[in-house]
Amino acid sequence: MYFPSSHSTLALLALAVLPAFANAQTTANIALSSDYKFRGQDQDVLGHDGGAKTRALKPSLQGGFDHAFGDSGWYVGNWNASVGWLAGNSIESDLYGGYKFKADVFDIDLGALTYLYPGNHAGNTTELYAGASYTDATLGSVTLKYAHTVSKDYFNYAGSAAGSGLSGRNTGYLSLAYSKEIGAGVTLKAALGHTRMASDIRRLGYRSFVDYSLGASLDLGGGVSLGGALQGASHERAYALTSGPDAGWSPNRPRLVLTLAKSL
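In terms of this note's numbering, the sequence shown opens at residue 49 and continues consecutively.
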């Protein structure tokens, strides 16, 4: 099975919208990652021969922009990545918007996010989210965030687009992230998350799971950074392939992910 590369498409898209970034309220970013994991799970798993991509190096081109409406607290954004887990699709395109405000010592973020998969809408998912962050010069920064699925399905796990009659709505994701700059441009980063699958998805044999990320980033100057993190998720067996030559391989397995990023 052939899946066209989205790298050139994303690069052309980034070049086309660069002139719009002259607005001081708009920021953008582009990155190249050795692998793309979302909540601890590999997002590039379909091989050209119909098997699975089990190797550790599966480069993903990523990029997007954020636009803040002055000091109002309102914002919108878009983020894209090359992926390969749905037949006929090779790009994830996220659209989001929300409102940020200060509440005592906390920074609050409320919003909505839709994950789109052009070419195969079965994976389309929409979540509402709420987050709170606290930053201290000595202790570092801590962010607690919760995302709640309001779409009919959660990344096609329930298979509702194929007429399964099941729903992924009410799947929830709770995450805790920590970062601390320790000097010389080095920032330590750690994150822990828990996905609570909807009851219909759990009945299919998928389990609610914990994902983790532990690593650091190095500021190289000029808006360029290099990061590395060990990422993975629990319950590897529940998400492992059950047939074919790659049976037993799981997208939840831990990986060392390297990312070179540039802010624009």
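None of these hints come from the bench; they were simulated from the model.
Note that beta-carbon positions come from the ideal geometry of N, C-alpha and C, so glycine has one too.
Hints are not guaranteed to be accurate.
Stated by the list, open to error - 27 Å max Cα-Cα, derived DSS-like pairs, lysine-lysine:
hint : residue 1 : residue 2
1    : K193      : K228
2    : K310      : K228
3    : K310      : K148
4    : K310      : K200
5    : K101      : K193
6    : K228      : K101
7    : K150      : K237
8    : K237      : K200
9    : K150      : K101
10   : K148      : K101
11   : K200      : K228
12   : K150      : K200
Claimed, not checked - Ranges of calculated distance between the beta carbons of each label pair, as one might list FRET restraints:
hint : residue 1 : residue 2 : range
13   : G121      : H242      : 26 to 36 Å
14   : G167      : V124      : 19 to 29 Å
15   : S256      : A210      : 17 to 27 Å
16   : Y194      : G121      : 17 to 27 Å
17   : A178      : A238      : 40 to 50 Å
18   : L306      : R255      : 49 to 59 Å
19   : Q73       : E229      : 32 to 42 Å
Mind listing which of the numbered hints don't hold for this structure, in increasing order? 4, 5, 6, 8, 9, 10, 11, 12, 17, 18 and 19
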